[in-house]
Amino acid sequence: MNWLPHISPRFFRILQRNGQVLRRTWQVNFLPPILEPVLYLLAFGAGLGLLVGDVSYRGEAVSYVAYIAPALIAINIMYNGFFENTYASFVRMYYQKTYDAIMATPLNLDEIVTGEIVWGAVKSLIATILMVAVISFFRLLVYPQALLIVPLAFLGGLAFGSLAMCFTAVVPQIEVFNFPIFLFITPMFLFSGTFFPLETLPHWAQTLAQVLPLTHLVAIVRALAMGKLQAQLLLSLLYLIIFSALTFVLAILLMRRRLIN
Amino acid sequence: MVSAVPPEAGIGVSEMTYLSTKTLPSNGQVELTRTPNRGKYVTLAFTAQSDYYGLDRWDYPARMRCEEMVEDLVFAEDLHKTFNGLKAVDGISFRMSKGECFGILGPNGAGKTTTVRMIYGFSPVSSGTLEVFGMDINKHARLIKAKSGVCQQENNLDPDLTVFQNLVTFASYFDIPRATAKNRASELLRFMGLEHKKRAKILELSGGMQRRLVIARALINNPELLILDEPTTGLDPQSRHQVWGRLAELKAQGLGILLTTHYMEEAAHLCDRLVIMDHGRILVEGGPVELIHQNVGANVIEIESPSETLLTYVEESDLDWERLSHRLLIYTRDGETLFRKISESFCDRGCSLRMATLEDVFLKLTGRELRD
Chain V
1 MNWLPHISPR FFRILQRNGQ VLRRTWQVNF LPPILEPVLY LLAFGAGLGL LVGDVSYRGE
61 AVSYVAYIAP ALIAINIMYN GFFENTYASF VRMYYQKTYD AIMATPLNLD EIVTGEIVWG
121 AVKSLIATIL MVAVISFFRL LVYPQALLIV PLAFLGGLAF GSLAMCFTAV VPQIEVFNFP
181 IFLFITPMFL FSGTFFPLET LPHWAQTLAQ VLPLTHLVAI VRALAMGKLQ AQLLLSLLYL
241 IIFSALTFVL AILLMRRRLI N
Chain H
262 MVSAVPPEAG IGVSEMTYLS TKTLPSNGQV ELTRTPNRGK YVTLAFTAQS DYYGLDRWDY
322 PARMRCEEMV EDLVFAEDLH KTFNGLKAVD GISFRMSKGE CFGILGPNGA GKTTTVRMIY
382 GFSPVSSGTL EVFGMDINKH ARLIKAKSGV CQQENNLDPD LTVFQNLVTF ASYFDIPRAT
442 AKNRASELLR FMGLEHKKRA KILELSGGMQ RRLVIARALI NNPELLILDE PTTGLDPQSR
502 HQVWGRLAEL KAQGLGILLT THYMEEAAHL CDRLVIMDHG RILVEGGPVE LIHQNVGANV
562 IEIESPSETL LTYVEESDLD WERLSHRLLI YTRDGETLFR KISESFCDRG CSLRMATLED
622 VFLKLTGREL RD
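Chains as they are written, first to last, in my numbering: chain V, 1 to 261; chain H, 262 to 633.
Keep in mind the hints are simulated off the structure, nothing from the lab.
Any given hint might turn out to be false.
Some but not every residue of chain H turned toward chain V, in silico, with C-beta under 8 Å [to be verified]:
no. : residue
1   : Pro385
2   : Ser388
3   : Asp397
4   : Asn399
5   : Arg403
6   : Lys406
7   : Ala407
8   : Val411
9   : Gln413
10  : Pro420
11  : Asp421
12  : Leu422
13  : Gln426
14  : Phe435
15  : Ser613
Treat the numbers as computed from the prediction; the structure is a model and nothing was measured.
From the three backbone atoms N, C-alpha and C, an ideal C-beta is built for every residue, glycine too.
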């Protein structure tokens with residue numbers, strides 16, 4: 001079948017290429033995952049947390065800081081996958097014509113796109129390791145369960161990276177990324193059970209939130225962070241896997257439509 | 262290795278000899294199949310197993326050709342390319358042989374770039390046959406790309422990497438081992454006169470240097486076919502001549518070069534054979550000198566502000582002439598005699614005799630209207 005992605009392990013070359021570039025710029029790239037949680041935890045923990053007090057999570061009262069810390073990790077996973085495969089990929093594709101150059105080598109477009117998405121997931125993973133390490137200092141994570149957040153970050157990176165790549169394949173110019181950010185990323189940032197429990201929302205909004213991938217990612221990360229695993233989370237995991245698979249294939253098809261003619 | 266060839270593969274003696282001179286991957290299993298391909302190629306597929314960063318092993322079919330049987334590097338027959346109803350390439354046929362420099366000339370929008378894009382597997386063929394190294398581009402794009410070097414029209418060097426990293430990283434896309442890639446990269450930088458810029462960033466290079474680097478990059482995989490899409494557009498005369506010099510050297514080493522250009526001088530300089538395209542079709546095909554002789558003759562007489570009597574004279578004669586706004590061009594095989602006659606009888610100044618060039622052929626065939 002022609003529409004199926006045509007991929008060999010050659011996509012690994014794209015990761016090597018991007019990795020080589022990262023070696024020069026890693027300080028800039030990985031400062032946010034280290035600094036951001038500290039800033040957020042200070043602001044929300046010391047500031048807002050005093051006003052809010054404790055939050056109820058699965059019938060137990062937890063401090064507000066402990067409640068939002070896992071959400072910060074999930075948001076960071078989303079941001080790394082999404083921004084790598086929107087702005088950074090678009091620059092490589094549109095301005096630098098890097099894809100065009102590589103398409104004249106034994107790599108094909110499907111492998112280039114795959115390499116880019118997997119690269120976004122690897123960046124999510126690295127950023128998550130750093131962030132988990134920082135948050136551990138605040139004693140907000142329960143080990144060993146919290147270690148599973150690291151492989152989850154890779155899956156999350158794939159999900160948001162694939163979604164991002166779909167946008168990259170269709171936007172006419174770089175400014176247009178403001179739309180998906182305004183329409184998807186910001187609402188998800190706020191309404192995926194990140195900073196307040198979903199139960200406080202009206203019923204219709206709760207249902208709507210279940211469609212958002214970040215809701216599921218936050219749910220799993222939070223459960224892992226607090227060491228409270230439930231079978232129900234497997235559904236969230238399944239959702240993320242299916243979401244990643246569908247958006248991944250869609251990203252490849254849209255990218256082919258854009259670049260192969 | 263060769264003794265492992267099963268007799269049912271039907272490999273002839275000369276082919277066996279050829280095979281025995283080639284080094285096959287030591288851990289590869291040779292499995293031979295013969296594909297009739299207009300009788301010119303024998304396809305020997307072998308399965309090599311490659312350790313690739315411990316990721317996995319996958320089949321890497323490669324084809325080998327028997328040297329004495331090889332003729333065409335590129336074979337196109339009734340090739341079409343349509344974009345949204347627009348016929349960019351409209352039924353072209355040509356062949357390009359090994360070791361030849363083949364030019365595709367034409368005004369902007371003639372279909373040159375579209376043609377080469379199909380050849381390096383960038384653009385899918387709409388209809389017709391297109392074979393590179395005897396392989397169908399639709400089926401073997403990856404293999405064809407592995408053996409070709411491509412210099413696209415735009416300088417798409419990787420600005421995130423240094424000059425040297427550009428070459429080494431590009432080599433990795435061809436699975437060239439890092440140590441080999443580094444040697445090859447240094448060698449190519451020397452060849453292209455870019456050694457001193459090894460550690461420079463791409464944006465620090467001049468246009469000419471970038472172009473030379475693109476050509477160096479296209480050579481990183483030791484290609485058997487070098488495809489150059491307008492390699493010297495936008496270069497100053499010094500850079501252009503340097504590029505020509507290098508290309509001539511590569512040609513002398515037996516590399517097949519496929520070139521698109523709208524510099525006639527470039528085509529006359531480098532190409533053994535060329536086609537002139539317009540509106541997606543091939544107008545003429547032949548060697549530069551042959552084309553000049555066939556289409557415009559040996560000489561051109563140019564007359565500035567021709568007098569009425571001269572115009573009447575040429576109109577009544579059977580001369581091959583062309584009237585421009587302030588000039589009259591007469592194409593002729595016997596320049597000297599005609600020139601003497603015309604300059605004596607019709608004009609005392611602004612009348613000159615020169616050799617006919619490819620540009621005359623080009624303008625005569627494709628017209629003089631602007632294309633952009």
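Cross-check of the supplied hints:
| no. | hint | in the structure |
| --- | --- | --- |
| 1 | Pro385 | holds (7 Å) |
| 2 | Ser388 | violated (15 Å) |
| 3 | Asp397 | violated (16 Å) |
| 4 | Asn399 | violated (12 Å) |
| 5 | Arg403 | holds (5 Å) |
| 6 | Lys406 | holds (5 Å) |
| 7 | Ala407 | holds (5 Å) |
| 8 | Val411 | holds (4 Å) |
| 9 | Gln413 | holds (6 Å) |
| 10 | Pro420 | holds (6 Å) |
| 11 | Asp421 | holds (4 Å) |
| 12 | Leu422 | holds (7 Å) |
| 13 | Gln426 | holds (7 Å) |
| 14 | Phe435 | holds (6 Å) |
| 15 | Ser613 | violated (45 Å) |
Of the numbered hints listed earlier, those contradicted by the structure are 2, 3, 4, 15.
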